[in-house]
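Asker: Once you have looked at the hints, place chain B on chain A.
These protein sequences, in sequence, are chains A and B.
Numbering of the first sequence is given in this note's numbering, commencing with residue 1 and proceeding in unit increments.
Numbering of the second sequence is given in this note's numbering, commencing with residue 262 and proceeding in unit increments.
These are calculated hints, taken from the structure and not from any lab test.
Treat the hints with care, since some could be wrong.
[To be verified] Derived lysine-lysine pairs resembling DSS-like cross-links, with alpha carbons at most 30 Å apart:
no.: 1; chain 1: B; residue 1: K589; chain 2: A; residue 2: K97
no.: 2; chain 1: B; residue 1: K489; chain 2: B; residue 2: K474
no.: 3; chain 1: A; residue 1: K199; chain 2: B; residue 2: K474
no.: 4; chain 1: B; residue 1: K458; chain 2: B; residue 2: K535
no.: 5; chain 1: B; residue 1: K392; chain 2: B; residue 2: K535
no.: 6; chain 1: A; residue 1: K231; chain 2: A; residue 2: K199
no.: 7; chain 1: A; residue 1: K231; chain 2: B; residue 2: K273
no.: 8; chain 1: B; residue 1: K392; chain 2: A; residue 2: K26
no.: 9; chain 1: A; residue 1: K97; chain 2: B; residue 2: K273
no.: 10; chain 1: B; residue 1: K425; chain 2: B; residue 2: K273
no.: 11; chain 1: B; residue 1: K392; chain 2: B; residue 2: K489
no.: 12; chain 1: A; residue 1: K26; chain 2: B; residue 2: K479
no.: 13; chain 1: A; residue 1: K97; chain 2: B; residue 2: K392
[To be verified] Some, not all, of what chain B presents toward chain A, calculated at C-beta under 10 Å:
no.: 14; residue: E320
no.: 15; residue: V339
no.: 16; residue: Q471
no.: 17; residue: H587
no.: 18; residue: G591
Backbone N, C-alpha and C define an ideal beta-carbon position, used for all residues, glycine too.
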Amino acid sequence: MTTEAKPGPEFAKVVFERPRSLVDVKTHFCPGCHHGTIHRIVAECIDRFGVRESTIGVACVGCSVFLYDYIDVDVVEAPHGRAPAVATGVKRAQPDKFVFTYQGDGDLAAIGTSEVIHAANRGENLTVIFVNNTTYGMTGGQMAPTTMLGQKTSTTPYGRDFRGDGYPIRMAELLAGLEGTAYSARVAVSTPAQIRKAKESVRKAFEMQIRGMGFSVVEFLSTCPTNWGMKPLDAQKRVLGEMSEYFPLGVYKERVQADFA
Amino acid sequence: MSADAARRLLTKGNEAICLGAIAAGCRHYYGYPITPQNDIPEYMSAQLPAIGGTFLQAESEVATINFLLGTSASGKRVMTSSSGPGISLMQEGLSYMAGSELPAVIVNISRSGPGLGGIAPSQGDYFQAVKGGGHGGYRIIVLAPHSVQEMYSLTMLAFDLADKYRTPVFLLGDAIIGQMKEPFVPTPYEETVSQEKPWALTGCAGRERQNLKSLYLKDNAIEVHNWKLHEKYERIRREEARAESFLLDDAKIGIIAFGTAARVSKTAIQWARKEGISAGMLRPVTLFPFPEREVRELAGRVDRLLVVEMNTGQMVEDVRVCTPLHDKIGFFGKPCAMPTPEEILDRIRALAGRRT
Chain A
1 MTTEAKPGPE FAKVVFERPR SLVDVKTHFC PGCHHGTIHR IVAECIDRFG VRESTIGVAC
61 VGCSVFLYDY IDVDVVEAPH GRAPAVATGV KRAQPDKFVF TYQGDGDLAA IGTSEVIHAA
121 NRGENLTVIF VNNTTYGMTG GQMAPTTMLG QKTSTTPYGR DFRGDGYPIR MAELLAGLEG
181 TAYSARVAVS TPAQIRKAKE SVRKAFEMQI RGMGFSVVEF LSTCPTNWGM KPLDAQKRVL
241 GEMSEYFPLG VYKERVQADF A
Chain B
262 MSADAARRLL TKGNEAICLG AIAAGCRHYY GYPITPQNDI PEYMSAQLPA IGGTFLQAES
322 EVATINFLLG TSASGKRVMT SSSGPGISLM QEGLSYMAGS ELPAVIVNIS RSGPGLGGIA
382 PSQGDYFQAV KGGGHGGYRI IVLAPHSVQE MYSLTMLAFD LADKYRTPVF LLGDAIIGQM
442 KEPFVPTPYE ETVSQEKPWA LTGCAGRERQ NLKSLYLKDN AIEVHNWKLH EKYERIRREE
502 ARAESFLLDD AKIGIIAFGT AARVSKTAIQ WARKEGISAG MLRPVTLFPF PEREVRELAG
562 RVDRLLVVEM NTGQMVEDVR VCTPLHDKIG FFGKPCAMPT PEEILDRIRA LAGRRT
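Bound conformation, chain B alone:
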């Protein structure tokens, strides 16, 4: 048995997020109940007090995100989790946090919508997450795990990216990846960014008073602030795009999918290869920044692209922006359910000109 195997844990995706957050030094979690993410507040309410942390159940997601704002302004790592309807209520606070440049990690274990929708898994919150769901023009880094291992490791990365860029970071999962149990290795957290926060509000002992704010009324200050934020988002685009290449070297058919849709696509691709169809996948791990260069390059060298999403077509719009070769782009979506490997295989066969 390898050393890694010996350290493996059998855990739900939602609990792996908690383990990743605690490993990354997060000691403040605030939340409000909503399905399908309740494992996270329940786990945190039991574990955080025992290690000197703070769990607080808010009266609403509106309050939750503002608890985060206050704790982040204090210089502490802080996290919340929710699902679609709750994430919508947080958009006001997220806009303020983006404007005030406050780091935090926000987990969306997404469900189907719009409105109350349902509790079935969905990727319908893609637009809301990657386009900046609140007012005023901002971006939020969005990480999309596709395994329990990544629920753990991308949570740790989310905290580092949040501190590195002084921005809220989304972890966008869904009901399946949150509720699924599989083994993962709880690798030690390795800090990649300084957690020193001279901007934090800790009282003005030994220094001038400081503010954290998003209101800029004087002169041209708000325009200057907007360009400063823009430059930060451009730097994130240049330096933080992440994607996994899966069997792409000889691929003629390239699938583009994230999260659970990517997980299922991997099975379909392996089945297709058994039938002699050279399929592969580019899996965006960051949805913002979107791996534009990789998508463009892939579009240029495969015969067909197939975008698979658990919605009626959202990320596919970003794929179209990356390449002028729109005729190559196919789409398969299921808005309120997990696509099956058989369904994806059927689309792959059709693109390869095989009869099903």
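The following block holds chain A by itself, in its conformation from the complex:
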């Protein structure tokens, strides 16, 4: 015998729900992928500032492009790496709107290095969400600029060797070194405590833009269990271990005054 479950008085208080800015759909991302978690943090922060209806997101190329299937805001698609330039064009045309990009590491740290550096250096008043999973996920796990030394990928089958392939690039630190950057932090989402800290960083980054402080960026250390050839839990351990050692978590730049000229 089944009975229809009805919320009783004990369920009257909602303690956890889907953010308004998150679309109610099933995820298509792989098991153990962090995009869903990061989408939720972005959506929660959009809700917190009440900017959903005045937000324009910029999607990049790679798995990150599917931003527009999950976040309930206007989104324009940029060519590979060019999201900060497209976002610049949006923000210059609509300075009163909230503008963010959502980019992977191949997009931001390889093909789009020039665009992100110059957007930061101009102090463009927009926010970059940077998802670093040390590989090109959508194209099948090739070497990224952030691929760890020794990491085997489909184009470094013997492991990344600095003698031929160079070193993994630390973007949060690099961007923090530019005068136009108001906020730069690196976060992870592999434990509940990290998720809380990550959300605090995204909130601060968004606040920088809303207060007109300049360019803000949050780098997420993220997983790609499929292309890493790992089970989801092992992928979390990799983030907490070798990735966090080479890419230290923390806030690298935080502007306190708006009059930075």
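Answerer: Just chain B now, kept in the frame of chain A:
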């Protein structure tokens, strides 16, 4: 003195473009320095801030075209200008804008190439402009001014066509037409198209969220999208081809030329007529869409055609496509310099069977 004469301005072609853009309501200009078009960003950097507009110098032409993409996606009229090497760098963004159906005006004050080439005037970018220089199969409307007056008026038309068809539009000039000064009349802008853009991304207040994108992965969506774009380009072919007829009524020798080459040809034609040779010219004002019907009709009724270009033969291929009468088609080209009226007159004389 006529009213028009009283309002005449003595202006460089490049500045006339700026005046036309501002008259048409363009308040966003982005660019990167390159000769021979620097008058345009310099003028815009001085004028736009004073009228509430935005000038921004980009770190590259790659960034420039993506600034345009973002501002166009915001529903605003936006323009850039460059020359060959810079236009090449913009091809990626142009393909995305064509795919995402985003309007913008892109000025090419072309110089000689390939590669770094030189800064001499050239029409070597014809193929790149009219065949869709980026990947994936698309078309861009191409307007070819041949006077400072047209640098002004065709810029205004470019904005209207861009909005009407939701497509990037090229204004293809060259170093001579850009740097040349002559009087022109700054006629008032008359809007021929609605600038309402319900597709623009302005935040989803009061409506469902919207996207502007060129990625179509599901089902048959990309094929459907390609046919939709094709139909748009076919409509442009049917409705937007423009050409000037110059002394063609009784012409036995018909020149086909655009831009500066057409300008010089006009002088040669007038000289030929003084010698009793009935020459005339069909001047394509739109290079895409190409005035195919007019070329076909002209080929049928003149004795000879002479295609004059500042390259080694590009538009002449499109002329050949328009008519089976290939034996009638002659060509004169100079890839990296302006042809002189004397040189063109010599070719006209030869076609007319005169000794020079």
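Asker: Decide, hint by hint, whether the structure agrees.
Answerer: Do the hints match the structure? See the list:
1. B:K589 - A:K97: violated (60 Å)
2. B:K489 - B:K474: Satisfied, since the Cα-Cα distance of roughly 15 Å is no more than 30 Å.
3. A:K199 - B:K474: holds (28 Å)
4. B:K458 - B:K535: violated (53 Å)
5. B:K392 - B:K535: Outside the cut-off at roughly 38 Å; violated.
6. A:K231 - A:K199: holds (25 Å)
7. A:K231 - B:K273: violated (66 Å)
8. B:K392 - A:K26: Violated. K392 (chain B) to K26 (chain A) sits at ~42 Å, over the 30 Å cutoff.
9. A:K97 - B:K273: violated (38 Å)
10. B:K425 - B:K273: Roughly 28 Å between the alpha carbons, so the hint for K425 (chain B) and K273 (chain B) holds.
11. B:K392 - B:K489: holds (18 Å)
12. A:K26 - B:K479: holds (16 Å)
13. A:K97 - B:K392: violated (37 Å)
14. E320: holds (4 Å)
15. V339: Since chain A brings a Cβ to about 7 Å from V339 (chain B), closer than 10 Å, the hint holds.
16. Q471: This interface hint holds because 5 Å falls under the 10 Å limit.
17. H587: With a closest approach of 41 Å, the H587 (chain B) hint is violated.
18. G591: With Cβ-Cβ at 42 Å, over 10 Å, it is violated.
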